[in-house]
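Participant: Each chain is listed here by its residues.
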Amino acid sequence: MQSSPFSSDQTDILRSIVDRIIPEDDYPGAWKAGVGSYIERLIADREELVQQYELGLTACNEEAVAAHGHSLLELSESDRDTVLARIESGSVLTEWIFDPAEFFRMVVRHTMEGFYADPGNGGNLDGVAWKMVGFEVTA
Amino acid sequence: MKSFDVIIVGAGAGGGVAAGILSQAGKSVLLLERGKSLDFKDVGRDHLRNQRLSQYGVNAGPPLVGNPRVIIYPNGEKHVVDPTGAYHNNAATVGSGTRVYGGMAWRFLPDDFRMATKYGIPDGSSLADWPVTYEDLAPSYEKAEVEIGVSGDSASEGRHRPHRGPYPMPPVPMNNQGRILQKSAAALGWETQRIPLLINSVERDGRPACAGCQHCVGFACPVEAKNGTRNTMIARALASGNCTLQTEVMVERIDTDSAGKVTGLTYFNQSDERVSVQAQVVIVSGGAIETARLLLNSRSDRHPFGLGNGSDQVGRHLQGHYYAGAMGRMNDPIWDGIGPGTTTATIEFNHDNPHVVGGGLLADDFVMMPVLFQKRGAPEGIPSWGLKNKEWMRDSYRRSLFVTGPVHEIPSPDARVTIDPDVRDRWGIPVVRLSGTTHPETLRTFNFMNARAEEWLKASGADRIVQNQGGLWLSGGQHQAGTTRMGDDPKTSVTNPWGKVHGHDNLFVADGSLHVTNGGFNPVLTIYALAFRVADQIAKTW
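The listed protein sequences correspond, in order, to chains A and B. Our numbering puts the first residue of the first sequence at 1301, with every later residue one more than the last. Our numbering puts the first residue of the second sequence at 8, with every later residue one more than the last.
It should be emphasised that the hints constitute simulated quantities derived from the structure, not laboratory data. There could be a bad hint or two in this list.
As the list claims (entries may be wrong) - Computed list of lysine-lysine pairs in BS3-like fashion (alpha-carbon distance at most 27 angstroms, straight line):
1. B:Lys48 with B:Lys268
2. B:Lys268 with B:Lys9
3. B:Lys395 with A:Lys1332
4. B:Lys9 with B:Lys498
5. B:Lys465 with B:Lys190
6. B:Lys382 with A:Lys1431
7. B:Lys382 with B:Lys48
8. B:Lys9 with A:Lys1431
9. A:Lys1431 with A:Lys1332
10. B:Lys382 with A:Lys1332
11. B:Lys382 with B:Lys395
12. B:Lys125 with B:Lys547
13. B:Lys48 with A:Lys1431
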């Protein structure tokens, strides 16, 4: 196992975000499907990306505190969605030193890649996303 | 100094064919390839690092580090890019793109060779007729189909295509999407045909039939049913005992003597040592971007602007293909999971369309990776994340119908490969600088073809149709062509109609660089056919 580039607080925030990008229903949500491992592996050797994530995750959480008085993890799903939608639209309450919308788009992109790409990349555990959409590998 | 009859630069579609012909004709051949030879496992099945989706890497070369290119965007911004960026990458491996292609094996149509005569020359474009006709090239097309191996159904080819004999193999199995598209096209009064593929539909040449897998285009074949140069012409070249293949080498320059005659070339071997070798004949087959680079980098007192570049034509007219198309959603699942997936095409709109120049092919697509489907984006009204997006993925993947195809590009002399004055690769060789865009007429044809794609989907019963998006940009990539176009006049072309560089007796080009225009079709069969034509002529007259 590789060591995570994130603190446990940052990991919690990441999980609370990616699980709203791909929530659990009859099929697992992003985190259970391995999206966290995918992102950790993707950015591991790229200091610039690690830094973006660290700053971005903290900023997302501060946005939740500013709007609802609680950290992201403590918010209801719908309140979390409201916070994330605000970040996505760029109309944030707190001071960001980079473009919030761009950060959010990157997290969405990485979450989708982790969920839908091949399990060899660390996400899509047991091909669960492929089972969901119906992509079958026969040869 | 070592000496060979022939040195070929690049073991791709063109170079592989030339190596096969000339070594079987008894010539000693040195075949140089900058990439590695890759087996199935080496190519792998990484959905984010492959020739179809190079999000973070590539699966058939070149390495991300040490092989930069420079691109100048229309707004003047300059970027140094690796093969995952705006690099216009073609695979760098033994077989090059033919190692990982989908293998559509289209002949161009007779009118594709006479675009300027048929349509006139749009202002600012370098649209021109080929110096050869379809009839001139037909025997070489046939040779390529037989020697490399094409499956198809000539009986399904309708009134828009010259009559031809049967393909070497029957077509690969039909699938659901193909049956739906055949029916709806017929209702529209459009002809469809089975898609000729460089894929074994039956056992042939000691290799099995297609296994129907879901990782065809962009990947290597798990059962070696896909026919490229690596498992045909290069294999035969090596079996002849006359061909030496060196991989992971990089050619620096073509050498000339004081009279300006080509004498051989200088390259970096696997140990990165600079080596010079002599040859009677040099054939450049690096693909339209690297071929132009090598000619431009081979400057000397006698050739101050590079080889073949006395008329400032080398590197101009870079073309690839805009892909028109549309995706829609059917009422019920249509995915039957049988690869390669692409079965059915219409050439109804390759020519004679109202108010546009040329046209293009439309066809159903190869089995699409789920992550690529996701990246195409959801239709309007579907959010880009959240439960609704997940539900859309789950409900739509197997219901989606996609038709797409290459648009015949209208070339611009300003879509160019030049040499960047500053940036060098890991061997210290000046790298390619890409600049310009296609001619605006290409975009008009693209829009026209998008509308035809939507029409086809609507007639098939699809809703939520999303057309492909286009803007004015440089086109090259896997279908790169046109940078050393052939012609009769040295003022407007780089080679003669036999691929021989004007002003030289022993320097040839055999790859997509020769294409005057790039057809509204995947170009590989034409690259093959031209390489057969060029190499056969060399063998015949020597």
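Participant: Confirm or reject each hint.
Facilitator: The hints, checked one at a time:
1. Between lysine 48 of chain B and lysine 268 of chain B, the direct Cα distance comes to roughly 43 angstroms. Violation of the 27 angstroms bound is thereby established for this hinted pair.
2. For the hint linking lysine 268 of chain B to lysine 9 of chain B, the alpha-carbon distance of about 18 angstroms falls within 27 angstroms, and the restraint holds.
3. For a cut-off of 27 angstroms, the pair hint linking lysine 395 of chain B to lysine 1332 of chain A stands: about 18 angstroms separates their Cα positions.
4. The suggested pairing of lysine 9 of chain B with lysine 498 of chain B is violated, with an alpha-carbon distance near 35 angstroms, which exceeds 27 angstroms.
5. Pair hint lysine 465 of chain B plus lysine 190 of chain B holds up; C-alpha atoms about 12 angstroms apart against a cutoff of 27 angstroms.
6. Of the pairs offered as hints, the one joining lysine 382 of chain B and lysine 1431 of chain A holds, with about 18 angstroms between alpha carbons and a cut-off of 27 angstroms not exceeded.
7. A distance of roughly 26 angstroms separates the Cα atoms of lysine 382 of chain B and lysine 48 of chain B; the hinted pair therefore holds under the 27 angstroms criterion.
8. Restraint check for lysine 9 of chain B and lysine 1431 of chain A: not satisfied, since their Cα atoms lie roughly 57 angstroms apart, outside the 27 angstroms limit.
9. For the hint pairing lysine 1431 of chain A with lysine 1332 of chain A, the CA-to-CA distance comes to about 15 angstroms; that is within 27 angstroms, so the pair holds.
10. A C-alpha spacing of about 21 angstroms is found between lysine 382 of chain B and lysine 1332 of chain A, which places the hinted pair at or below 27 angstroms, so the restraint holds.
11. Taken as a hint, the lysine 382 of chain B and lysine 395 of chain B pair is honoured in the structure, with Cα atoms around 16 angstroms apart against an allowance of 27 angstroms.
12. The straight-line distance between the Cα atoms of lysine 125 of chain B and lysine 547 of chain B is roughly 34 angstroms, outside the 27 angstroms bound, and the hint therefore fails.
13. Distance restraint check for lysine 48 of chain B and lysine 1431 of chain A: the Cα-Cα separation of roughly 24 angstroms lies within the 27 angstroms cut-off, and the hinted pair is therefore satisfied.
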